[in-house]
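The listed protein sequences correspond, in order, to chains H and B. The first sequence begins at 8 in this note's numbering and counts up one residue at a time. The second sequence begins at 537 in this note's numbering and counts up one residue at a time.
Simulated from the structure, these hints should not be mistaken for laboratory data. You may find that some hints are simply not true.
What the hints assert, rightly or not - 35 Å max Cα-Cα, derived DSBU-like pairs, lysine-lysine:
1) Lys180(H) with Lys651(B)
2) Lys92(H) with Lys651(B)
3) Lys725(B) with Lys651(B)
4) Lys138(H) with Lys180(H)
5) Lys722(B) with Lys651(B)
6) Lys722(B) with Lys699(B)
The structure displayed is predicted, hence computed values, not measured ones.
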Amino acid sequence: MLKILFSIIVGVLGAAFLHLIIILSLPGFSNSDAFQRVEAIGEEDSFHVLDAGEDGGRLLNGDPYLRTAVCAFDLSDMPVHLMAKGQVPFWSLAIYDSASNEVFSMSDRTSVGGTLDVLVAAPVQLAAIRKALPAELAQSILVEMAEGQGYAVLRTMVPQPSFGDGARDFLSKAQCDAFDVGG
Amino acid sequence: MFRVPLLVALSLVIAFGGGILFTRYALDASAGFGAIRLGAWEAFPALHTADADPYAKSHRARAGRLLFGTAEGLEFTASDDDARTRLSAACRYRISGQTPPARLWTLFPVAPDGKPLAAQEGRPTAINSWVVLRDSDSSFSITVSSDAAAGNWLALPPSGDFKLVLTLLDTPAAGSSGLIDLSMPKVEKIGCGHA
Chain H
8 MLKILFSIIV
18 GVLGAAFLHL
28 IIILSLPGFS
38 NSDAFQRVEA
48 IGEEDSFHVL
58 DAGEDGGRLL
68 NGDPYLRTAV
78 CAFDLSDMPV
88 HLMAKGQVPF
98 WSLAIYDSAS
108 NEVFSMSDRT
118 SVGGTLDVLV
128 AAPVQLAAIR
138 KALPAELAQS
148 ILVEMAEGQG
158 YAVLRTMVPQ
168 PSFGDGARDF
178 LSKAQCDAFD
188 VGG
Chain B
537 MFRVPLLVAL
547 SLVIAFGGGI
557 LFTRYALDAS
567 AGFGAIRLGA
577 WEAFPALHTA
587 DADPYAKSHR
597 ARAGRLLFGT
607 AEGLEFTASD
617 DDARTRLSAA
627 CRYRISGQTP
637 PARLWTLFPV
647 APDGKPLAAQ
657 EGRPTAINSW
667 VVLRDSDSSF
677 SITVSSDAAA
687 GNWLALPPSG
697 DFKLVLTLLD
707 TPAAGSSGLI
717 DLSMPKVEKI
727 GCGHA
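So that you can see chain B by itself, here it is in the shape it has in the complex:
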């Protein structure tokens, strides 16, 4: 006697529960289909425009953040290193090479959900293109680790996963014509633990 209502209830639970959970997962996992990937770095050049796909517009409305305009800059995020291993504060990384042409850039780590990391007094938790030390060919090498390092050093908390945010300001890379042949810095792991 309860067969039919039970089956209907099963359908409804799968439809609503599954639909809502899957939607939340899809919106949190990525910001739409318009991503460009250069090595370990990912960016969404069209996320702030009217040309964004519906997923991107939903993600944008839900996150409610101020995005960079096309003439302002482009924000790249790396959650894995070049070998596709998740970035972890227990390991040390080297970011080296050159950025695409940009007037200024900033680099800082964030928590995996995008929120700022816990404040670390007296430690360099961000770096930008004016203060970075460069080699004679304009390339730079930044050590990202929780232990201090000589040269350019970006400090991490003692443990936990993190993402790196590299924001290029006033760059032709933000317009679609500059996307080909862009070279982003390498992100390589140089060791784990305190070895």
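If we strip away everything but chain H, and leave its shape as in the complex, we get:
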């Protein structure tokens, strides 16, 4: 009897230990987290508008008034320059690293004239850019991000159906280009 009790206690301790290990290591082993789903949507360095259909739908939370576009990028080679402009009542941007931790976020309230103009660069690239700021970055917001991969999420709101065209225009014309520092 005692032996059975002992083995149950050992089992419970093992369950607790296993629970801890799973919780701590799950982010590293997950193959359907947000970053991997964003990478699966399309190629890097361009904004892909998500629809409520199969692949986009799993990333979204079903808000019928928000339109979203995502762009995966890799800072190992070059910084990435995010640009968008248009007549929309609201837009917001969030930049995440490959573990889906937020690096930076902003909305049109903190933008220059409602235009999105953000340069995301690794610290080494940013130091070089700051030493000699190119003319096209004169009004850009410079965001430093540890080197590696990440993704940007651009959202805009469609409060009533008549705003749909403006939102589609805004998102489809948004750019997420690798920025050639030399050029």
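Take the given structure of chain H and dock chain B to it, following the hints.
Same frame as chain H, but now just chain B:
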């Protein structure tokens, strides 16, 4: 002769089976320890950041959804009404009051597992701050029910449980400094059935 292997097997079954089942339950039940609760509404302001606790990071990796950044907005979810009774489409509810300061907000119901509800053609299944009708003091009152109601009405399917998702966009509430003294709308049940 089989005593020892049997006991070892018992330990292993409890360890692996119990550990995995308990972990799945814990990850599905909540998104970590950093929740804030205001009345019936619950939010996780740090879920998308590097400061999230390990449970939150696991939940985030498993759910694989795009979360709102701190400067984007904050998403509140209500699965019970103010009296802590589960929200059910067989009953009618009134959401009234004001939201914390936010440039825009959206409100829509979802299924208990977070997935969208079945589509309902021609019925208003979502509402936002631009179209909501307000009283003279800027407060609003939204009826959430499967039967049509005058004024602001959010349609539900005929039966089943649901959750309400209220997303505040461009709000100081998302940063931790704005959390004190936030007042969220009340969620009260006004009746069940077709009475």
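inquiry  = Flag every earlier hint the structure violates by its number, smallest first.
reply    = The structure breaks none of the hints.
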